[in-house]
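Take the given structure of chain A and dock chain B to it, following the hints.
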Amino acid sequence: MASFKPTKIQVYPKLGEKVTQDTLYWKNYKAPVQIKEFGAITSIDFSPVAPHNFAVTAFTRIHIYGPFSQEPVKTLTRFKDTAYCGRFRSDGQLLVAGCEDSVVRLFDVSGKAALRMFRGHTKAVHVTDFTSDRYQILTGSDDYTCRLWDIPNATELNSYREHTDYVRCGVTSKLNRDLFITGSYDHTLKLFDARADKSVMTMDHGQPVESLLLYPSEGLLVSAGGRHVKVWDLLKGGQPLVSMKNHHKTVTCLCLSSNGQRLLSASLDRHVKVYNTTNYKVVHNFDYAASILSLALAPNDESIVAGMTNSILSIKHRKSPEESAEVSGQQRRTPSYRVFVKGKNYAPKQDDYLVSKPVKQHLAKYDKQLRTFNVSNSLDTALATWTRLRKPEITVAVIKELDRRGTLKNALAGRDEQWLARLLNFLIGNLVDPRFAAVLAPAAEMILDVYRRVVGQSPLVDRQLLRLQELLEREIDYQQDLLEVLGMLDTLFMVEFALEQTEDGEHRR
Amino acid sequence: MVEHGDIRVVHRGGSKINSREPVVTNDSRFLLCASGERVKVFSTSTEECVHDLRGHTDLVTGVLLRPTNHLQVYSCSVDGTVRLWDFTDGILIKTYDIGYPVYAIYASANHEGVFFIVTPTQSDNRSELFQLVAVHLPQSGDQLVEAQELSAVLSNVSSNPAATGFGRGGEYIASAKGLHLEVYFFKKQKSYRFSLKEDNKKGGKNTLMCIACHPKDDCIATGHEDGKIRLWRNFNHKKEYTYTTLHWHHNAVSSLRFTPEGTNLLSGGLESVLVQWRYNQESERDFLPRLGSAITHIAVSPDGTLFCTSHSDNKITIIQSCVKVSAVIQGLVNGESVRTDLMVDPRSKSLVLNGKPGHLQFYSLQRDKLLYNLDIVQQEYIHELGLQQFEVVKVAFDAPGNWMATVEERKPKAAEPEINLKLWAFDEQTQSFVLNTTVSAPHEAQITSMCFSQAADGQTSMLVSASEDGHFKAWQLPRSACTEGPSWSCDFVGDYRGLAPQCCCFSADGSLLAVSFQEVVTVWSPASWELLTTLSQPPKAIRDLCFGRLGCSKYLMGTTASNLLCCWNLLTCSLEWSTSMDVSLLLSDPLTENMAAFCCQAESTDLFVFKPSEPRPVASLKAVCSGKVTRAVFAPREEMLESCEESSQWLNRSQLYFLTQHMDLMTFTTKAEEDRLAASSKQLFIDDSVAMTPFYLLLGKHRKQENQDSLTRLSAELMPLPRGSLAIKELLQSPAHVLPSTSVLCSMFVESLLVSVADGSEESKHAEEEMESEKEEEDSEGEMESRTPRPEPASPGLQSAESAAPALTKAQLKELRRVKKLDHGWLADLLLS
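Protein chains in written order, with our numbering: chain A, 359 to 867; chain B, 9 to 841.
Treat the hints as calculated values from the structure; they're not laboratory data.
For clarity, every value in this text was computed on a predicted model and none was experimentally measured.
The beta carbon of each residue, even a glycine, is placed where N, CA and C say it ideally should be.
Heads up, none of these hints are tricks.
Label-pair distances were calculated between CB atoms; the ranges are:
id	chain 1	residue 1	chain 2	residue 2	range
1	B	LYS562	A	GLY764	47 to 57 Å
2	A	ALA799	B	LYS548	36 to 46 Å
3	A	ALA742	B	CYS498	31 to 41 Å
For lysine-lysine, the following DSSO-like pairs were computed, each having C-alpha atoms within a straight-line distance of at most 30 Å:
id	chain 1	residue 1	chain 2	residue 2
4	A	LYS715	A	LYS700
5	B	LYS364	A	LYS718
6	A	LYS767	B	LYS236
Next up, chain A with everything else stripped away, as it sits in the complex:
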């Protein structure tokens, strides 16, 4: 007496994402800590020195957070209007920020009041940065100018009026105190040399430039604007290297992982993409809840901080090695396993008398129904919402099994409108899937045969049938196109082959 052989569920090769080193690396972060700020978070900057605090610019304040605290360590509130672009100096002592009221303020990180106020811009200042010699400040403003300021004297050193639209991003060179680059809404990037009083290089991005990033070697420049992220070679006079278009909304922020191997771009489409900097392919992707305005990575990628338009700051900390190891071992520690296995792993001693119990075969519900020949019920079970949507291969396997038993027609017949609509819905979703087509096409024909008499009685079913027809027509057109392409390719290959042969022949001659 053999036992019932369960329905075989075909295992299809998984088409989903592969597990790579990158996914493992970027997934190894804890659940995000979310902090509500007062307004949209426009800028996040990490302090270069040891505790690696970070300044979050949102609305009229700049909050400075410690690496692990969820409360701000310090708050700078001396702004009359919206603050922009809070930046740390390379020694982590000073912080500069622009403001909607065109005044640039310089703060001591330990103090509260502004040390210096730089007045001169006529419109909101969106860009501020320290030069690498630590005594000057670069600012860019909506009045199309960018200026250099001297910190000790609080005087304006120079003003550059080359841009023809708002200046919204800029970086200073970390290696040379005289070089800085600005990007503007006039689609250009300009490299300025403080010694020359004018731009020495101009690059056209093609879209309003939102963010700039210099590689640590400062040979390459990355610019983001519109949906594009472009890489420029500065050593070749600003030659464009790569243009990437992986986002479907404006890219707002760029940053580089600490080892310089990965480039991250954040966008208004709520995604952060991670690129490999050798081939500029997307290797990973994060999703956030709202459009991202600012993004920063802590040194050594210890945390990923993103600021969003809905004024939420999301901080993701990297898991410590123990924590990441815990994930796999976690389930074993729950008591349920021990409860289930209780006494079952008892090894019989030598003199024990063994009373064996027949092993109960576990069967899925549809298999139990198939065993008792309840074909309609087993089809119902296989069409349950969860199975139908998540594991269509089970549904298809049951339909195939019923077809093999010759009872598919019986199982399909005599159903009501609701059920039929559900089945047709399933067919519309999966009929053209090449994995399932061979099984579902005969089933669809059978349904049409069975319910031919009642077509036209239910508007719901009729609509589904029309959709099905439309789908099939589209699929047929598609297949025809594919065949045409295949034919064209065949001709090309044949011509190529013939050419090669004649060439060979000539060589022989």
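Below, chain B alone, put in the same frame as chain A:
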């Protein structure tokens, strides 16, 4: 059978054991069933065949326990005799010559000296009419008795033994045929006939299939073609008879049986479910589902503890009280068609062919026993007529037997065929094949041929499958070990001018692949997948391809549809020779250079065995069997035969098995081999007075080994076994009636056990003595040594013979000395008493 010189064609693989109902003996220890021309006695506990009752000269059609002596059994046969056997000893007691073919036999305890048989009405075999005849047994002491007193009881009965049965206490006999039920009462000498309408309203068929009579009650159960069971009562009236209907089966009821107490009714049919109905509470049923295949007969042991069901796949299942299957006796499954070629499993040397639906059977040729069935399809088998099922159509093994490839196919009526290619790895632990890879839809059309690469290194296995869709594909096991174990994948897809490949074949070293596309043979290099050359022999398509082996590996043999056998030389790429023959099957022996060709000529098949290098055949046998032979295989022998006759030399290393048109498995044997077999079977027959239990087999083997050992170790040192065990063995082997009384024996027996202690001191004495003797020996050896280097003028051969002779005598002397010391006291006691 055809005589040809000393090579004979013989049947292998036993006969059907499910043709007639099996019989369980009163003590439930043995099961008797008709099997071809013999009656086989199986042990119900060990499934081993204990006796083989031979004597009938034609098909045995019935087995019946003698009602007056439960140790004797009647068997009837188409050869017109009824024989009485003692099945415990396997002795023929009496033969009753009836003179007409007998198709069934019945007897009842209340009819002493009479049994009832079914014979054709006319004496010629062709008539379709049968009658039930009572035979009065003449009282005679002779072995062969001619039964003359025949009296007809019922005319026009069915030849099916299940359609007739004795009623309560033998008062009446009921018989069913077509739509009629006839009951004959012996006391009144009157018969009643009841008829049913041909069809009822729902289109079910009322034809009666089988019958069973209640042992304690006046009730007859009949099974019908539409799956209904009717319980007839009051049938001793012409008009007022009644019947109740039970319906569970959806196909014809093929067997019905009441339990001896009459409390339960058992029924079975195509569904392969044994249904147990409570008598008088018919709504309560018990089921024993999934018994494997359709039930053809049901038998119940006289004490009601064992049920036996015989199945359509040549199987008898023994069930303990309708709960547990306790034993399965399985014969070679003779399906209607063998779709796979005959194959030999390189590991177990067993024959592999289609068995149960969706299974492959492994049949041991040496032991003539089915080893196991391997489930290939792994799907629930639906027992329904007219349903398209998956069938295994192709099997291939690789040379070391590590991999097996199977192709299964299902052809729905309207849709495209479903094809699955499965690759199985041999698992050392379970000693069977385990599924490794399933490829669904490997080709778009039917697979015509499949073969493994013969590469000797065994490292890289390659499988090539050719299909009607115009492609052949090479499948390979990737070398890089993945995390989930390696699985097979497609390596190469080849085609040739859009033609459909017919057969493919690898050369012996695996360096060449030949694929035939209609009349063209293409030769490929599997290493680079280059088309090396094409060979062509118009005008007709190639039917078979075969590479030569060993010394003839440069030859490629092929047969065409236009009766041509060709031999190509691959070194010159030209046709070596060809001859006109209608070859239906060509195959090569893997162990020798020989090739066998079966030729179909005028309704009978001839066999030619030849070497490709020599156009003259090694052997040729005319009229091997009738009809075409399309399946055959060379199976390697376990031990080589030493036949020096030229005509039978080709059978020395391997044996040729083939399937006839009627799916009988045949083989070729030589005279010498048969003699040897007969001798060994005789030896076995004497030995087999004990039931063949596994324990016995274990002990028996041990004992045999012992005997052999004692024979071979003539000159060996002290036997480790105490002689007590020898005594016990002697004691046990001598028959009980020649032994003295138990009281005498007991003390002796205990003494013989105690000897070992006394023996210890004796043995030490022996040891001392032996030490001395050994010393002596050493001395003598020293003498010998001193003697051997002495230069002698004699020839070296002579010298060695001389030096061997005294050594032998020395060993013998020692043995003799030991034998002399052995304690034979018990034997003397025995003789004295």
